[in-house]
Amino acid sequence: MLANASLLLAVLIGASLPIAATLIICALLLSSIYSPLPLFLAASEIFWKVSTEFTLTSVPLFILLGEILLRAGIAERMYGAVALWLNRLPGGLLHANIGASTLFAATSGSSVATAATIGTVALPEVRRRGYNERLFLGSLAAGGTLGILIPPSIHLIIYGMITNTSVPKLYLAAAIPGLLLAVLFSLIIVVICMVKPGFGGEPIKATWRQRFVSLVDLVPILLLFVVVIGSIYAGFATPTEAASLGLVFAVVLAWWYGKLSLALLHESFIGAMKATAMIMLIVLASYFLNFVLSVIGLSQQLTSFISGLGLSPLQTMLVIIAFFVVLGCFLESLSMLVTITPLVAPIVIGLGYDPIWFGVILTILLELALITPPVGINLYVVQAIRGRGSIQDVIAGSAIFVVSMFALIGLLLAFPDIAMWLPTHFGE
Amino acid sequence: MDPVTRPQGRESGALGRLDDALRRLARGMLLVAGWGLLLLGMLVAVDVAARNTIGRNIGGVDEIAGYIFAIGISWSLAEAFYARSHVRIDFLYQKAPLRLRSLLDVLSILALGFAAAFLAFSGWLVVSGSWGMGSRSASVLQVPLVIPQALWFAGMVVFLAALLVSSLQACLALAAGRHPELAARFGIMSASEEAQEALGAREEKA
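Residue numbers (my numbering), protein chains in the order written: chain A, 1 to 428; chain B, 1001 to 1206.
Hints in this document: simulated from the structure, not taken from any laboratory.
This structure is a prediction, so every number in the text was calculated from the model and none was measured.
Don't take each hint at face value.
Result set (SDA-like, lysine to any residue): computed pairs, CA atoms no more than 25 Å apart in a straight line [stated by the list, open to error]: (1) A/Lys-49 to B/Lys-1095; (2) B/Lys-1095 to A/Gly-387; (3) B/Lys-1095 to A/Gln-392; (4) A/Lys-205 to A/Arg-88; (5) A/Lys-259 to B/Leu-1031; (6) A/Lys-49 to B/Val-1143; (7) B/Lys-1095 to A/Pro-346; (8) A/Lys-49 to B/Ser-1137.
Which bits of chain A does chain B cover? Going by a derived footprint, with three or more residues having C-beta under 8 Å, they are [to be verified]: (9) 10 to 24; (10) 33 to 45; (11) 49 to 55; (12) 235 to 244.
We put the CB at the ideal spot given by N, CA and C, even for glycine.
Model the full assembly from the supplied sequences, consistent with the hints where possible.
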């Protein structure tokens, strides 16, 4: 049963059928083969219940918030300011790429949006300042992945829904690892630029006066961060409420910068609702598939298969991580999140790992999936903005940052408190 | 619409007009969904403000937000299809020759059409169930559930209609060997198109 189901999924996905359709077709086929009950009748209730789920409404709100920020030109101002502050580090603008991605990630829940936004602002500087192009491209693709780890993250909301864990706690847990990953990215850049000074390009000159003046451009993004994440951490708003406050704030910002118009709103609506429809169709389909998988006993079969291997918890975790790394080369991160999490999370929790901690690990693995070929959307986004040369440059440049991701996973395995300290001390 | 993507011939004339009408409808419904989302955000924000100032909620906001969300999703499905936003994995597709790609494109539309039909069927079960039982929400609002559910269902019907018309057009194009047209309208979005998407309608960089 397990083998048949995996084969069916692999064939349909490999044949490039839409993921949502693949999941529904699999669910219907498996239920008709392995269950005497008309399981398809249960879909109606699942679809309506998931569609009206209040926590999930935060997903489109965060996406719309990001779309409005993108069009209000806040990223350009922010990048300039970050570049002035980080200019002394060996590697100059490479750190601005990571830093600006980190800041943007702290207001946006999507990695593609982060990579696209920072990429557009930064890429013209590669040639002008003589940076090593591969490393520069890699820093953009990798920096962009921070979008799904640093709160607010859409992936963590969906993970929280699937595993029934608290989204605010997940956000607390992801904060330190998210910042740590940004630091690890920068560390790699520093090391490379010390060994090969030519990679770092021509430095930007900045006076303290310029730096302090530039702070004005960071104020809106920091305020937004306080509104969105602060209100969740302080416990006075749920993720949906925080996203709503952030959305209203973003509209006010767009108005403040004189960018608010009907056209801006409509463009933002189109971007946000298309993404929402795409994401939610996959989420709905995966809820139905997972219902079918658990009724026909496949989920349980997988659990007993894994426990039958007789591995220690750590070995099992390593197998799961390896599995995600390989799968991440071929699957897109959201599809991987919704199809695999419901199967793997019970196993992990059964081994005694905390679901909140695993949410952080899983998100880092999904970040990895964003920059591993052949299917790694951030690679293509950065390449597309660059618009010349070969995709191989982006792939090669990103490869070194994979080391940081593995290092972070290793650190989290050795010291789970990196993720768990904040939620244990400040949750509730 | 640009002439390349416009189906030709007498037969597809009526089909073409139906397609145009559905595309306009889908875009309109998506914009309504977008305004709904903005309204939802403002409503929830006011609710939080009320709770933290006068100490009480407006009441029922969660529930209404859920309805707006559900309707917003289903009303955006068709436009997401037209914009080729529904994710497909393309690592094998990329390597396939044009004819095989066309076949995969047609199969994909049929598969998504099947999913849309199942969605609409399930939506119908929800609506007809609530209608038959006269269900109201278990909250202070006592909303007759058939109202939000019928609107939710309407989005699925449009999604299904969009896919039926497009399936027909795609099959005709495949039969006539119009591969470039198929690729342009129903193929997987290339990376540069996707990046442009993510950046929205910003001007091309100089």
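Verification of the hints:
no. : hint                    : in the structure
1   : A/Lys-49 to B/Lys-1095  : 40 Å, violated
2   : B/Lys-1095 to A/Gly-387 : 21 Å, holds
3   : B/Lys-1095 to A/Gln-392 : 17 Å, holds
4   : A/Lys-205 to A/Arg-88   : 9 Å, holds
5   : A/Lys-259 to B/Leu-1031 : 19 Å, holds
6   : A/Lys-49 to B/Val-1143  : 15 Å, holds
7   : B/Lys-1095 to A/Pro-346 : 37 Å, violated
8   : A/Lys-49 to B/Ser-1137  : 12 Å, holds
9   : 10 to 24                : holds (count 12)
10  : 33 to 45                : holds (count 5)
11  : 49 to 55                : holds (count 4)
12  : 235 to 244              : holds (count 6)
Checked against the numbered hints listed earlier, the structure breaks hints 1, 7; every other hint is satisfied.
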